[in-house]
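Top line first, the protein sequences correspond to chains A and B.
All the letters of the first sequence, read from the start, carry residue numbers -17 to 302 under our numbering.
All the letters of the second sequence, read from the start, carry residue numbers 109 to 414 under our numbering.
Calculated from the structure, these hints are not laboratory results.
All C-beta atoms in this analysis are idealised placements derived from N, C-alpha and C, irrespective of residue type, glycine included.
Wrong hints could be hidden among the right ones.
Said to hold, decoys possible - Just a sample of chain A residues kept apart from chain B, beta carbon distances all over 12 Å, derived:
1) I(-9)
2) L(-8)
3) L2
4) K6
5) P30
6) R43
7) G54
8) E67
9) D70
10) K141
11) H155
12) L188
13) G216
14) G253
15) G255
16) Q279
Unchecked claim - In silico DSS-like cross-links for lysine-lysine, where the CA-CA straight-line distance does not exceed 30 Å:
17) B:K398 <-> A:K265
18) A:K129 <-> A:K156
19) B:K398 <-> B:K187
20) B:K187 <-> B:K401
21) A:K6 <-> A:K106
22) A:K271 <-> B:K187
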Amino acid sequence: MHKDPGAPILRKERWGDYCLLCLKSPAIAREARPGQFMMVRVSDQPYPLLRRPFSIHARTRETVEIFFSRVGLGTNILAQKKTGETLDIIGPLGKGFTTGGGGSKRAKEQEPGRLAPAESLNGKKVFLVGGGRGIAPLYFLGLELKKQGAVPIIFYGGKTKSDLPLADRLKAHKFALLVSTDDGSSGFHGFASAMVEAELNRVAGLPMAFPPLDWADAPRKSRPVRAASYALAGFPARVFACGPEAMMRKIAALADRYGIAAEFSLEAIMGCGIGACWGCARKIRRGDKAEWLKVCQEGPVFKSSEVVWEEDKTNEVSDR
Amino acid sequence: MADLSIDLGFLKLRNPVLAASGTFGYGLEFAPFIDLERLGGIVVKGLYFYARPGNPPPRLAESPSGLINSIGLQGIGVKAFSQEILPRLAGLRTAVIVNVCGSTNEEYAQVIDYLDRQEGIAAYELNISCPNVEQDGLCPALSPEATHAIVRLAKRTSRRPVITKLSPNVTDIVCIAKAAEEAGSDAVSLINTVLAMAVDVETRRPRLANVFGGLSGPAIKPIALRLVYQAASRLKIPVIGLGGIMSGRDALEFLIAGAMAVEVGTANLVDPEASIRIIQEMEDWCEEKKIKKLKDIIGTLNVASP
């Protein structure tokens, strides 16, 4: 982990409420693993006081990217930053997704509650499910999985078409991509979790609990994507998800129903990001007991069986 | 180079900057960012005898220039601390101060008794002022009698110096501070967080699951300075000042107001290098003002009318 007090913004992209910043920070880029995050100081003034946590969206040899939506004071300030300005960032932080090989020595160490890292995903189908800004860590993850020979299929959901600004980028990288919108303005009409359920039911040969993925109705240009998603028969070897709490809870239930290993990147309000303040606690099951664990240090990625999903909104992150 | 060292009487510090309890983990979290040996000392996170689960989330709410927390003193307990953390801290050439908690007076004594059998601890800081563990922010530091009783028991138990950490949520700080002094406390540190809350207008719910929390950060610095000044003016024992220190100049304000040392808290969360930067800024100020010994500015506030 490194503190980079002056990482220059090399590139910025804006789509309505969504924003992507590409930062030059070779030391952080070198160590970054999918699912890890950075703490970004949005202002050198005392308000807002705290850094904000962001998943690492992508990295090259020298750069790291963050992708976020404007939800409050911090992200609004950040969205105003211009190319050439610098940001004070700390990263990479936390424990990322279990991808099955590659990466730093540290990432390979067996950690309690992790999936067995030795299991190769080469040639296997995996589902990546992103809701809204939850797509952020899945792009980085998808690229890494492809390098390992896995076949990632990305399910990308939003309220409406404008909530899917990265769809083009994902297609450009030849990901098998299935999109959904709550209002039906693009792709599958319904929640991302319903789209995943429909696909799992189809694989299982079950009658559809939800409207089936009727690809005959899909726009012609998305057909190659459909072909890719059908290329491998059977269930995915693993599901990775990030998005609204309700979506992840549903995905966890589906993964459980079909016995598929799943991992979730959780969001939390964080004080420090480095395990010092214990502000980001989340109820996590380890062994036979559940306790408040630090999302910043023990996560932000947890496996399905570890997460205690709250029916109420105790764990939801609201605007600050 | 200016001499930043401070002698509290019971403890000599390389410089007056301590990392404040609750914002610095158990210290090792900061090793990737700073040289811990450059600090005057480290006050580790509050310890009860047993591990403690803490409060449900959300535990944090930001406010203008401040942070409201209701962590609820989640922690690993004295045994895990002594076995897993302390051996790694004990080798450091910096003062390690353990923040001691208790649900009862006896638990404070129990924690001290256990830690007294460990090596590598310079002093205890009695946490009698956390607003997040009892209903309505109640804590012993709100009462001179309760303060006196815990400090006296701690002093009888302990083979090490005891610093008593006081609450700002009181009508008369001098009365409480004097109670700690009379009970034998070797020093007092103040302030702990200011009892506070935050409301979400959209949901009409409190923004902290615990409803109340403790406000820290730059927002509370003026309150802390006033309380430190009041206490330092009336006590014989050293006062350690804290509350919203973000810069070397902030720390200097506390020393001028009468604090013999300072603790840096919330600034550590914002910038893990903050404590070292603050030391550097104090040193630079001494150079600029040709002050040879930093301790010479302690309590030099001039309140005479011009």
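Hints versus structure:
1. I(-9): 20 Å, holds
2. L(-8): 24 Å, holds
3. L2: 24 Å, holds
4. K6: 21 Å, holds
5. P30: 6 Å, violated
6. R43: 22 Å, holds
7. G54: Not fine: 9 Å to the nearest Cβ puts A:G54 too close to chain B.
8. E67: It holds; A:E67 is separated from chain B by about 18 Å at its closest Cβ, greater than 12 Å.
9. D70: Nearest chain B Cβ is 8 Å from A:D70, so the label is violated.
10. K141: Since the minimum Cβ distance to chain B is about 17 Å, A:K141 lies beyond 12 Å and the statement holds.
11. H155: 33 Å, holds
12. L188: 37 Å, holds
13. G216: A:G216 clear of chain B: closest Cβ-Cβ about 38 Å, beyond 12 Å.
14. G253: 5 Å, violated
15. G255: 9 Å, violated
16. Q279: 8 Å, violated
17. B:K398 <-> A:K265: Outside the cut-off at roughly 54 Å; violated.
18. A:K129 <-> A:K156: OK: A:K129 and A:K156 at ~13 Å, within 30 Å.
19. B:K398 <-> B:K187: This hinted pair is violated, its Cα atoms lying about 47 Å apart.
20. B:K187 <-> B:K401: 40 Å, violated
21. A:K6 <-> A:K106: 33 Å, violated
22. A:K271 <-> B:K187: 20 Å, holds
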